[in-house]
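> These protein sequence lines map, in sequence, to chains A and B. Here the working numbering is used: the first residue of the first sequence is 2, the next is one more, and so on. Here the working numbering is used: the first residue of the second sequence is 7, the next is one more, and so on.
No lab work stands behind these hints: they were computed from the structure. Careful: at least some of the hints might be erroneous.
Restricting the straight-line Cα-Cα distance to at most 16 Å, the calculated cross-link-like pairs of lysine to aspartate or glutamate (EDC-like) are [what the hints assert, rightly or not]: (1) B:K215 x B:E164; (2) A:K108 x B:E321; (3) A:K183 x A:D410; (4) B:K112 x A:D410.
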Amino acid sequence: MSTNMAVKTEARTENFRSWFMNKLLMGMTWPDYFRSLLTPFNIVAAMILSVGLPLIAMRFLFGLYTVTHASNEYPWGLYLGWGLFGGVPLSATGFVMATAYYIFGYKRYHPILRLGVLTGFMGYLFAVIYLLIDLGRPWRIYYPMIIGFGTQSVLFLVAWHVATYLSVQFVEFSPAILEWLKSQRVRRWAVMLTIGMTIAGIILSTLHQSALGAMYLLVPGKLHPLWYSSYIWVFFLSSSIYAALAMVIVVSTLSIRFLKNRTDQTFRESLPKLTLGLGQGAAVGMFVYLVFKIIGIAHDNNWHLLNTGYGYWFLLELLGFVLVPAMLFTYGVKKQNVSVVRFAAFYAVVGIILNRLNVSIIALNWNLPHHLLHIVPPWTEATVVLTIATIHILIFRWILNRMPVLHADPEYESH
Amino acid sequence: MTKESKQPADGPLAEDKNEEKGESGLHMNRRVFLGTVGAIGGTLLLGRPVKSHAAEDFEGYPNSFGLLTDLTACVGCRSCEKACNEENKLPAPDKPFDDSSVFEEKRMPTQKAYTVVNRYENPKDKSKPIYRKIQCNHCKEPACLTSCPIHAYSKTPEGAVKYNPDLCFGCRYCMTACPFYIPAYDYWSAFEPRIMKCTMCLPRIKAGKMTACAEACPVGAITFGKREELIKIARERIDKNPGKYVNHIYGEYEVGGTNWLYISGVPFEQLDFPTNLPKKPLIEETKGFLSAVPIVLTAWPALFGTIYAALRHREEIYEEEKGEGKKEEVKK
Numbered sequence: 002m003s004t005n006m007a008v009k010t011e012a013r014t015e016n017f018r019s020w021f022m023n024k025l026l027m028g029m030t031w032p033d034y035f036r037s038l039l040t041p042f043n044i045v046a047a048m049i050l051s052v053g054l055p056l057i058a059m060r061f062l063f064g065l066y067t068v069t070h071a072s073n074e075y076p077w078g079l080y081l082g083w084g085l086f087g088g089v090p091l092s093a094t095g096f097v098m099a100t101a102y103y104i105f106g107y108k109r110y111h112p113i114l115r116l117g118v119l120t121g122f123m124g125y126l127f128a129v130i131y132l133l134i135d136l137g138r139p140w141r142i143y144y145p146m147i148i149g150f151g152t153q154s155v156l157f158l159v160a161w162h163v164a165t166y167l168s169v170q171f172v173e174f175s176p177a178i179l180e181w182l183k184s185q186r187v188r189r190w191a192v193m194l195t196i197g198m199t200i201a202g203i204i205l206s207t208l209h210q211s212a213l214g215a216m217y218l219l220v221p222g223k224l225h226p227l228w229y230s231s232y233i234w235v236f237f238l239s240s241s242i243y244a245a246l247a248m249v250i251v252v253s254t255l256s257i258r259f260l261k262n263r264t265d266q267t268f269r270e271s272l273p274k275l276t277l278g279l280g281q282g283a284a285v286g287m288f289v290y291l292v293f294k295i296i297g298i299a300h301d302n303n304w305h306l307l308n309t310g311y312g313y314w315f316l317l318e319l320l321g322f323v324l325v326p327a328m329l330f331t332y333g334v335k336k337q338n339v340s341v342v343r344f345a346a347f348y349a350v351v352g353i354i355l356n357r358l359n360v361s362i363i364a365l366n367w368n369l370p371h372h373l374l375h376i377v378p379p380w381t382e383a384t385v386v387l388t389i390a391t392i393h394i395l396i397f398r399w400i401l402n403r404m405p406v407l408h409a410d411p412e413y414e415s416h
Numbered sequence: 007m008t009k010e011s012k013q014p015a016d017g018p019l020a021e022d023k024n025e026e027k028g029e030s031g032l033h034m035n036r037r038v039f040l041g042t043v044g045a046i047g048g049t050l051l052l053g054r055p056v057k058s059h060a061a062e063d064f065e066g067y068p069n070s071f072g073l074l075t076d077l078t079a080c081v082g083c084r085s086c087e088k089a090c091n092e093e094n095k096l097p098a099p100d101k102p103f104d105d106s107s108v109f110e111e112k113r114m115p116t117q118k119a120y121t122v123v124n125r126y127e128n129p130k131d132k133s134k135p136i137y138r139k140i141q142c143n144h145c146k147e148p149a150c151l152t153s154c155p156i157h158a159y160s161k162t163p164e165g166a167v168k169y170n171p172d173l174c175f176g177c178r179y180c181m182t183a184c185p186f187y188i189p190a191y192d193y194w195s196a197f198e199p200r201i202m203k204c205t206m207c208l209p210r211i212k213a214g215k216m217t218a219c220a221e222a223c224p225v226g227a228i229t230f231g232k233r234e235e236l237i238k239i240a241r242e243r244i245d246k247n248p249g250k251y252v253n254h255i256y257g258e259y260e261v262g263g264t265n266w267l268y269i270s271g272v273p274f275e276q277l278d279f280p281t282n283l284p285k286k287p288l289i290e291e292t293k294g295f296l297s298a299v300p301i302v303l304t305a306w307p308a309l310f311g312t313i314y315a316a317l318r319h320r321e322e323i324y325e326e327e328k329g330e331g332k333k334e335e336v337k338k
């Protein structure tokens with residue numbers, strides 16, 4: 002009897018070992034797996050983490066002052082400026098791709114649908130991680146859900162929407178996880194929820210992408226009038242849509258460049274055409290956004306401010322980082338040149354981050370003395386941001402290497 | 007209609023009118039932190055006498071207290087700073103309160119000092135510098151309260167803007183939202199960081215006393231009293247001493263009015279008072295956006311559900327036509 006048990010346990014152990022090696026080590030043995038990890042990228046990543054992780058530990062042991070120069074006049078720095086305000090529009094990929102595919106019926110985009118959803122989910126997850134670093138008492142993060150309802154606060158809206166949308170995106174991506182785990186029954190349930198989840202995603206995304214902009218409606222005295230506008234929530238929402246399209250191009254370009262062996266033929270063959278299609282969408286989105294911004298200047302009659310220092314910076318953002326990439330998109334699509342469209346996508350993504358940093362850091366408190374000196378982050382803050390960004394990439398790569406995202410799982414019919 | 011609606015609604019029609027003017031119920035709730043539909047319903051059911059003319063703007067609590075700082079009277083002795091420090095049991099300052107070298111830089115309230123006094127050159131008389139006391143202005147409709155997602159702030163009927171550290175998770179949106187850069191954060195505490203700011207000595211006011219700073223001021227530069235009275239006093243001083251004061255009570259209208267008021271001999275912008283603020287409370291800026299939220303929540307599922315259904319419908323027609331086409335081919 003006991004030998005029988007032993008045999009069973011051994012078989013189970015053996016099962017687990019093969020499962021483990023298949024699923025987690027990508028079919029390699031431990032030594033092989035470790036050897037495969039010794040790449041220049043991973044070594045640089047390890048170096049960043051070896052500095053950054055202790056810094057993050059210090060933040061939680063000794064307080065915020067160890068990793069930020071945030072002050073009473075400047076309560077928010079890079080953690081929110083980059084991680085939340087910059088990260089969330091680039092994570093609109095999930096809602097934009099799911100809406101295009103499931104609701105509007107852009108069925109050809111199927112090969113990059115999951116990549117879009119994963120980019121969105123990971124983006125939100127990490128926006129929350131940046132927030133957890135920055136919150137004074139992160140262990141109270143659930144307070145707006147249970148303890149106190151600040152219904153008059155735009156941030157209350159953002160908190161609820163980010164939390165629910167993170168869950169929605171997890172359900173949206175879960176078929177990929179369940180296929181990886183070969184769980185047929187649960188996957189069927191998850192797939193059935195898709196349309197409902199997609200519509201929930203549209204509601205939550207339109208509301209909180211715009212709400213992030215609406216948060217700044219409260220600071221007419223602090224935000225430079227060229228960026229402050231009663232339309233700011235329209236700017237945030239409309240720019241997040243082209244940001245999403247550009248970001249899908251960026252992530253798919255990086256995937257085919259660095260993880261080609263994880264892509265299938267369908268992905269590789271369809272990507273150039275899909276990239277052009279996304280580029281076309283992005284161009285339209287950028288021109289719409291550009292017109293909105295011009296309406297914003299006209300509405301407040303701020304033309305005279307364009308001929309000032311901040312005005313030149315505003316024009317650089319608007320012409321250099323919106324109009325120029327929009328024209329590049331247009332040119333690339335017209336000439337069917339995928340490389341130009343890809344370049345425009347990287348360019349547009351930089352432009353979005355610049356805009357969000359302008360609103361949250363550079364043009365905020367512009368009238369305080371020595372403002373520009375105050376906003377240069379200390380090396381600790383920059384390193385923590387770099388560390389979290391590195392972890393973001395590592396986990397993203399870990400998932401792409403294992404789950405059916407860039408390729409379809411042959412055992413499952415198309416989702 | 008307009009005439010009628012100006013009457014207080016406590017007749018038999020009161021309930022209907024209350025329902026019609028649910029918005030004023032909302033106004034109340036925003037202030038008293040119920041903020042839920044259930045509470046509004048409860049308020050209506052109880053038939054609380056709500057004025058039937060919906061006041062677009064919250065007029066502030068009647069009879070709330072306030073303070074009036076007369077910047078022409080302040081001599082920069084920092085007695086108020088010292089009294090505040092003792093009253094709130096704050097840590098000892100880096101430099102003693104009689105050290106005038108602190109005036110060499112412009113200071114702001116911090117987690118160790120709820121109020122500070124800054125010195126400015128007097129353009130009228132260089133031998134008589136101007137001193138400006140800074141602390142929380144206790145707005146009638148505070149932006150910190152509006153911004154807080156957990157309701158850690160409240161506006162008390164006494165006039166104070168009160169902060170509750172037990173509810174705060176440290177997002178610091180209140181600091182971003184405050185037009186006066188007042189809330190200070192304790193970045194040095196790992197486990198119990200909190201906002202620190204002037205409390206308007208609420209326990210003292212409740213005990214029938216004036217604030218510690220007002221009591222300590224040896225020259226009467228800080229007057230404590232009912233806000234409405236203070237505005238009258240300020241107006242009177244300005245009217246009786248033309249030339250001595252600029253014709254402006256700072257805080258009477260700024261961001262909807264503050265319970266702390268100032269009168270000055272030089273324009274306020276020369277003393278670093280923010281002068282680019284709207285007259286209406288900052289919550290007005292976000293109202294339009296927030297009121298669109300329930301519309302989106304309701305309309306989007308129907309709108310996008312319809313788009314989805316329309317496309318499926320077209321697909322079906324297409325497939326049917328394709329099927330019919332095949333049948334015809336077969337017939338041939």
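> Out of the numbered hints, which ones does the structure contradict?
4
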